[in-house]
Amino acid sequence: MSLADIVILVAVVGIVSLIIFQMVKKKDEGMCTNCSYSKSCTDDCTPKSR
Amino acid sequence: MRVALVGNQNSGKTTLFNLLTGSNQKVGNWPGVTIERKVGMIRSTNVELIDLPGIYSLSPYSIEEEISRKFLFEEKIDLILNIIDSTSMERSLYLTTQLLELGIPVVIALNMSDIADKRGIKIDLKTLEERLDTTILSISAAKKTNVFNLIQTIKQGEYRKNNYHHIYDHDLEDGIRSLISIIDSKHPRFLAIKLIEQDPVFIKYQTDETLHTIQTLSKEYLRDMEQVIADERYRYIEYVRDEAVTAKKDQMTWTDRLDNIFLNRILAIPIFIVIMFTVYYLAAGPFGGATVDFVDRYVSLFSNWAEDALLSVGASPWSTSLVVDGMIAGVGAIMNFLPQLVILFLLISFLETTGYMARIAFFLDRIFQKVGLSGKSLIPFIIGSGCSVPAILSARTINDETEKKMTIMLTPFIPCSAKLPIITLFAGYFFKDNSGLASASLYFMAIAVILISAYVMKKVLFKGKTSTFILELPEYKLPSMKFILLDVWDKVVSFVKRAGSVILLASIAIWLLISFSWTFEYGVNPDQSILASLGNVFAWLFYPMIGEWSWGATVSAIQGLVAKEQVVASMAIIAGYSDTTSDGLLIFGSTAFSFFTAPAAYAFMVFNLFSAPCFGAIGAMRQELGTTKRMWGAVLFQTGIAWVLAVMVFNIGRLIEVVL
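Protein chains in written order, with my numbering: chain R, 735 to 784; chain D, 1455 to 2114.
Derived from the structure by calculation, the hints contain no laboratory data. Don't be surprised by glycine CBs; every beta carbon is placed ideally from N, CA and C. A portion of the hints provided could be inaccurate.
[Stated by the list, open to error] Residues from chain R shown here face chain D by an in silico Cβ test under 7 Å; the list is partial: (1) 736; (2) 738; (3) 739; (4) 742; (5) 753.
[Stated by the list, open to error] Derived SDA-like pairs (lysine to any residue); straight-line CA-CA distance at most 25 Å: (6) 1951/D / 758/R; (7) 1951/D / 745/R; (8) 1951/D / 753/R; (9) 1951/D / 746/R; (10) 1945/D / 752/R; (11) 1824/D / 1906/D; (12) 1640/D / 1765/D; (13) 1673/D / 1689/D; (14) 1951/D / 743/R; (15) 1580/D / 1616/D; (16) 1951/D / 752/R; (17) 1951/D / 742/R; (18) 1951/D / 756/R; (19) 1951/D / 736/R; (20) 1597/D / 1612/D; (21) 1951/D / 748/R; (22) 1951/D / 737/R; (23) 1673/D / 1662/D; (24) 1945/D / 758/R; (25) 1945/D / 750/R; (26) 1945/D / 756/R.
[As the list claims (entries may be wrong)] One-sided excerpt, in silico: chain R residues whose CB lies under 8 Å from chain D: (27) 737; (28) 750; (29) 756; (30) 757.
Only chain R is shown next, with the shape it has when bound in the complex (with noise of 0.2 Å):
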């Protein structure tokens, strides 16, 4: 393995960690309609107060 093969494969596992943390990290923005305008909601959809 060549030192640009190394470079290529930390480049790589780079890009893909940074794609998998972002996607694991979004929050789901998903709310139910009981919760629509509140600040947040709670998990059996009641809007959490302010």
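For chain R, the structure is supplied; the task is to place chain D on it using the hints.
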């Protein structure tokens, strides 16, 4: 300070919101664009602006009205910015009178004042302000007229605090007053009126004392009290209108003239077919096809340069292949179609903002009702031409549960932008000069399948009445190039992001699976790769629709679950590993996919068009359908329909080939 932006549908709320906050929320010239929560800060102020969905009243007749009412009643709001369409003020005032009853200060922005002027509608602002005891500003959000003054008015707090004017007759006002004295609420007048109307949501506030007052009132009027209040409200609105508005009568507007053509009983559907055909012909036909070749040339140049550069710095064949045959080939195959998507996005956005899309909903409503859908289902279908995820979420505005479920299940049938690369790739190669026709035919096939499926579903699964749909037809407008370009830009950015994230990941995964065998040996013949063995497990499912045992086509189609564009990216990677046997497009010149004939190509397109959408859209279906079981039902239903149709298309096509 928190300000709620409230107004009728299509009154220009979102345009004003964007202008005030400097954001770029979706604007459309059809009702119901505002679905998701939109909050922003008014520029250079610390005022939070909340854009509520378009509503006609604070009565719970639709989900939008329920959401807005709940928000205004329960949340702490300092000011309501009520946007009114100056050209239809009388209708807008129904909501305004209800907003005033909340006891929250209201500032009215009379929007589209320029259009009202052109039509000879004169509004006496001073009289209107006096009658409603509210600050009123005449603006044009589209032309940015007087918006600065509106911001200053809000920022400085220079608005009237609304001393409520009586709008009901004396008996009713007395009843309201006595209720106000016994109820405890932040919005006593609003609540008192809701209690008199016997609004079920507010029944919990009813006490023996309030009930007694209301029963006394009911005995006096001997009519439904909700009706009494509505009649009184309309009477007051007519009085205000007579005092403050003068309009020329019976003027034939441009909208009327255009509607005589676009909504003509005989011409409406042929015009719709011609318009949609033109859209797809321009985007996916020879014109759009030429742009693919153009970009492809540069992607190939970049790919060759990258290969030479990597080899020259001492990279091994495997690492070079990972970058060139995996990452660049996969992402590049998708990027080839970007110019075509830009054409499609531009045309769809143009149609949306002119007001034509609302006309489609209007004349399709009758057909939709016959099959158990309502015209409201058309809004998710239109949004679905961009992406199925927001389209499925937008179905939540449909009140009727049955229609909502049907719409959610059928929306992914609309060719979303991610499916366009598949359509263009196959149609461009196999149907050459008729590629536009082949692409457009899929769009009309999608509409036919939606109508037939809805009819069958209504007969078998969801029996019941179809709800009615009230649609306000907006004015035709010359679209703002700025909004169109911003809308297209948003979609392009989202497409490029997908190509650089999901598609890139999937392409790397496909490269790994095709480059290695189960014994982790690199550089094996693709037929001995992990990918081939996985594809062979499911290839029997695809054999009846393409007439060939192809693990390559199988794994590519299955990857449509990750993202529909990935079907093309995967085919490009697999083709790169096969021997190229002819010139022309790499994919169909390769041994892996050279078996494709025109019927097989069309059938493969049909399968990818109608089969289960990507994971993102499946997630949205799970959220909106409520249960995982229903989601699986929808996925199986969609894939089942896709398989049956593809097999039918392939066999009919083969039969035609034999006959010809």
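Taking only the CA atoms, is the gap from residue 1945/D to residue 752/R under or equal to 25 Å?
holds, 22 Å
Would the stated hint for residue 757/R survive a check requiring a Cβ distance to chain D of less than 8 Å?
holds, 7 Å
Taking 25 Å as the top limit, are the C-alpha atoms of residue 1951/D and residue 758/R close enough?
Holds, at roughly 15 Å.
Given residue 753/R as an interface hint, is its Cβ closer than 7 Å to any Cβ of chain D?
With Cβ-Cβ at 5 Å, under 7 Å, it holds.
Does residue 753/R sit within 25 Å of residue 1951/D, going by the straight-line distance between their CA atoms?
holds, 10 Å
So if I understand the rule, the pair passes when the alpha-carbon distance is 25 Å or less; does residue 1951/D with residue 742/R pass?
Answer holds: residue 1951/D to residue 742/R is near 22 Å, not above 25 Å.
Is residue 1945/D within 25 Å of residue 750/R, Cα to Cα?
Given pair residue 1945/D, residue 750/R holds - Cα atoms ~23 Å apart, limit 25 Å.
Residue 1951/D paired with residue 746/R [C-alpha distance capped at 25 Å]
At roughly 17 Å apart (the allowed maximum being 25 Å), residue 746/R and residue 1951/D satisfy the hint.
Next pair to validate is residue 1580/D with residue 1616/D; report whether the Cα-Cα distance is within 25 Å.
Roughly 15 Å between the alpha carbons, so the hint for residue 1580/D and residue 1616/D holds.
Given the hint that residue 1951/D pairs with residue 748/R, does the C-alpha gap stay at or below 25 Å?
The given pair, whose Cα atoms are some 17 Å apart, holds under the 25 Å limit.
Per-residue hint verdict: residue 750/R, partner chain D, C-beta under 8 Å
holds, 6 Å
Satisfaction of hint between residue 756/R and residue 1951/D, Cα-Cα up to 25 Å:
holds, 11 Å
Going through the hint list in order, the structure does not satisfy hints 12, 19, 22.
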